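Here the protein sequences line up with chains W and C, keeping their order.
Counted the way our numbering counts, the first sequence spans residues -17 to 504.
Counted the way our numbering counts, the second sequence spans residues -17 to 504.
Rather than coming from a laboratory, the hints here were simulated on the basis of the structure.
Just so it is clear, the structure is predicted and the values come from calculations on it, not from any experiment.
Take these hints with a grain of salt, some might be off.
Pairs count within a copy or across copies, as identical chains cannot be separated in the list.
EDC-like, lysine to aspartate or glutamate: derived pairs with alpha carbons at most 20 angstroms apart [what the hints assert, rightly or not]:
| no. | residue 1 | residue 2 |
| --- | --- | --- |
| 1 | K479 | D222 |
| 2 | K279 | E400 |
| 3 | K16 | D280 |
Number of protein chains: 2
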Amino acid sequence: MNKRWTFLLAGVLAACGDVTVEHSVDAAAVERPKIRIDTDEVYSATSVGQYKGSHDDIYRHIDANLDGHLVNIQRWLRQPSISAQNTGIREMAELLRDDLLAIGFQEAELVPTDGHPGVWGYYDAGAEKTLMLYLMYDVQPVDPEDWQSPPFAAELVEHELGTVLMARGATNQKGPQRAFLNAVQSIIDVRGELPVNLMVAAEGEEELGSPHYPQIIDRYEERLKAADGAIFPFNSQRPDGSLSLLLGVKGIIYFELEARGNAGGGPTRAEIHGSYKALVDSPVLHLIQAIASMTSKDGNTIVIPGYYDGIRPPNEEEQVLMNGVLATSNDDDVKASLGVDTWLDGLTGADAITELLFMPTLNVDGIWAGYTGEGTKTILPHMATAKLDSRLPPGIDPEEALQKIRNHLDANGFADIEMRRMSAYPAAQTSVNSPLVQAAIGVGNKYTERVSVNPRIAGSAPFYQFTERLGIPMVPFGIGYGTGAHAPNEFMLIEPKPESPVAGLAEIEKSYVDLLYALAEK
Amino acid sequence: MNKRWTFLLAGVLAACGDVTVEHSVDAAAVERPKIRIDTDEVYSATSVGQYKGSHDDIYRHIDANLDGHLVNIQRWLRQPSISAQNTGIREMAELLRDDLLAIGFQEAELVPTDGHPGVWGYYDAGAEKTLMLYLMYDVQPVDPEDWQSPPFAAELVEHELGTVLMARGATNQKGPQRAFLNAVQSIIDVRGELPVNLMVAAEGEEELGSPHYPQIIDRYEERLKAADGAIFPFNSQRPDGSLSLLLGVKGIIYFELEARGNAGGGPTRAEIHGSYKALVDSPVLHLIQAIASMTSKDGNTIVIPGYYDGIRPPNEEEQVLMNGVLATSNDDDVKASLGVDTWLDGLTGADAITELLFMPTLNVDGIWAGYTGEGTKTILPHMATAKLDSRLPPGIDPEEALQKIRNHLDANGFADIEMRRMSAYPAAQTSVNSPLVQAAIGVGNKYTERVSVNPRIAGSAPFYQFTERLGIPMVPFGIGYGTGAHAPNEFMLIEPKPESPVAGLAEIEKSYVDLLYALAEK
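Looking at chain W on its own, in the form it has when it is part of the complex (with noise of 0.2 angstroms):
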């Protein structure tokens, strides 16, 4: 998974206020909307209960082979398949395949895309729920010398948290998701039947940021709308065993700026003597400028015309989600985390958070031009580049966003300047009511001391495939433990020390057990 993604909220904060959204479309002073929480009611997972059902028989089985759903995940790491490099893709993707066979699925085959090609698969259990299960089976790629243990050797090492499986994607993603498979192979066995028709469709391109997982959808995208919610089988607890549920993400436009010299003006082959800048134009001035038109002298206000249009304010749910995430956290903890003396302007508690879950935003990720070397070098550079993203919250289409920048640029001079669209796509939103959800803290609450319940994340990833154009619920989940991604020494917790809060293996299966029943039962 992307790492914007294994991120976790941020707005964790203390306090309450008031109510409203105040647009101002004066471009000459723009002012951010004003996002205020006018209740004083606060959430807690508490109030869904404990998933009352039992599964023994399941649990035994489990428990029995637990030495063979081991060898399931190893075998799945031992399988490099690194989506950058096109190593072991193929076999990474057919592997999938075969096990969805072998479990039982009636259909499981390759999906051809432009890239590497996506995993389908049906198990009809003529069950009344569906649920669908989103895989990815990329992973990153590794610096082998990095690594205490080799990252595709999936070895057993002793940890202080107890024993993990070291591997590159032992925690992102394979692990977590073939220990979901484990736990539906075992109601399988023991019981014959699930509880759930299951879909999958996996992609092998979510590390390369899922360019083409919207092709996968294509194909089977009215099926997939008769879902009734997906699940991405993720280890969110923390190490306190904390369970961390996220309902939402912004969504986000990527994009690059760049000037070059033209028949306007400036050098147009290479850089000249800097000396010619009393006749020339500047393309790196250009393109300062440019950025600097957008924002307000802070940086901190997007001063665009109409940019915060159509922000949608918290309703009442996420309000009260909002309340909850603030009563339970301290903001001075993730800023010292960060490294960061103060928010901006600032803000603190409902302030933050507000700003931080439903303001969109417009960051420079890189910028770069000209003589970036030791001591001095006098010279006009022919050409300035930037990369920019801006987080959308629901309501901010990334296509009008991305065309209110483009008319901005071009009314204010600077049209000239090329804008290479990298990345667009919308944020997504999951109620906390939808029986998925109410599922998955009920069997949280089962597991865990404490679910929390975050209304969004600031960070993005494109889950509007599910909750906007299938129309259905989408939350990551699983109990269970896991660092590392993207990192060298990724690992998965299989067996926790004795004290330790988090879950293990077997209860992590034992735990998605319990979804599949508690959502067919809902």
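Given the coordinates of chain W, assemble chain C onto it according to the supplied hints.
Coordinates of chain C only, in the frame set by chain W:
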């Protein structure tokens, strides 16, 4: 010599106008002063006439000893003296000192500085006039594999222009400098005495930006002030035979601006996830806004209060010289050679040359921050850095310019942005009417078809040490041709093909003989 230095005059255009400098100090809507030419008088170097003296006995001596003179140059070129790598520096300084003693200088000594040593020499001819020689004994680094003849072999190579001497330093600057000393030696050998006294003040750090040259001047300042002028031996002919004299340079300030997260906001330790932009100040946008605040939206007018104050309008002499440049040059050729389609604001002719030579600039030489690789990475960088320079015409003091920038940043919310000064020195100007320049033009007229006299170049060199500090005229001077300074296959033309309009070594040395007599006779 530095690149800024080998660069020749750009403002080579066509037209006339009328003069004024209008200052605007309204920071809100600053306009660049309008500088106009209000005379139709056109300078022509032919008005000076040719130097009439003839020194056949010395010329014959040069012709008879030319092989030995070439060996003298080769001896210098075969001694590497790369200042940036401290390679052969002391050996070259001692070689220069020893050559001065061998020629008959009564004083010749190394001058300690905080960097590489200088070399001082004095030849007392008991003459009325004294000429200062500015010499540099260091050279640029080399990539030997790029050379057709090894850079320190100093071999004669056949070239389409004739026989050339190929080596690092051949034209920049050992070749013309040792040719000058060959001429001096020849006069002494034939006449027993020089027509002028000579003061040598050489440095070994020109390629580093002359950071310690002021320390060399310090030691001999009172004596140097008595000189009648300074020359820098230079192969100033173009392949078409024309000789270009440059009478002035702009000053420069070069500095880095750096924004970092700090107690006031932004990430202080390292980049953070880009989605935090909703709550965290961006040092990149902070730097962009700071730089943007310094110029008009088109990047071409400096809106820092008072930045244009003090510009000295072109005097009568400069106007006449500019008209001379305008009459003989074509700015379309310059634009084509640079790959620039249009000067800023569509300037042409007199408007362009006055802008080039009399207006300060603000230029971004480089800028960098965050992620600059392929694809997308969503980060909020903790720092951003830019390199800027400002070229300063006569009348603008570099210390005041730096202070105005600092004050502007402080007054506009950018007090936390660090400003790192890297270079700062004022413009330098020599009058065409000074006896040294009149002598140089007369000698130029004797040996070439056309001498063009440029009142100033838009580039910078620290010649204020001569013109402003010592108060003496200074001009880089010499016939002959060379190229490849700072590049592979640097050479100086020694024996041009018969039809060539460019001087070879013998003529170069004869012209230096003439220059010394011409100056003595002024």
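Comparing the hints with the structure gives:
In the homo-oligomer, the alpha carbons of K479 and D222 lie at most 20 angstroms apart inside one protomer (13 angstroms), although the nearest pairing across protomers, at 86 angstroms, exceeds that limit. Taking the shortest alpha-carbon separations for K279 and E400, only the inter-copy value of 18 angstroms comes in at or below 20 angstroms, while the best intra-copy value is 23 angstroms. In this assembly of identical chains, K16 and D280 lie within 20 angstroms of each other by CA distance solely inside one copy; the values are 17 angstroms within and 33 angstroms between copies.
Consistency with the previously given hints is maintained throughout, with no hint failing.
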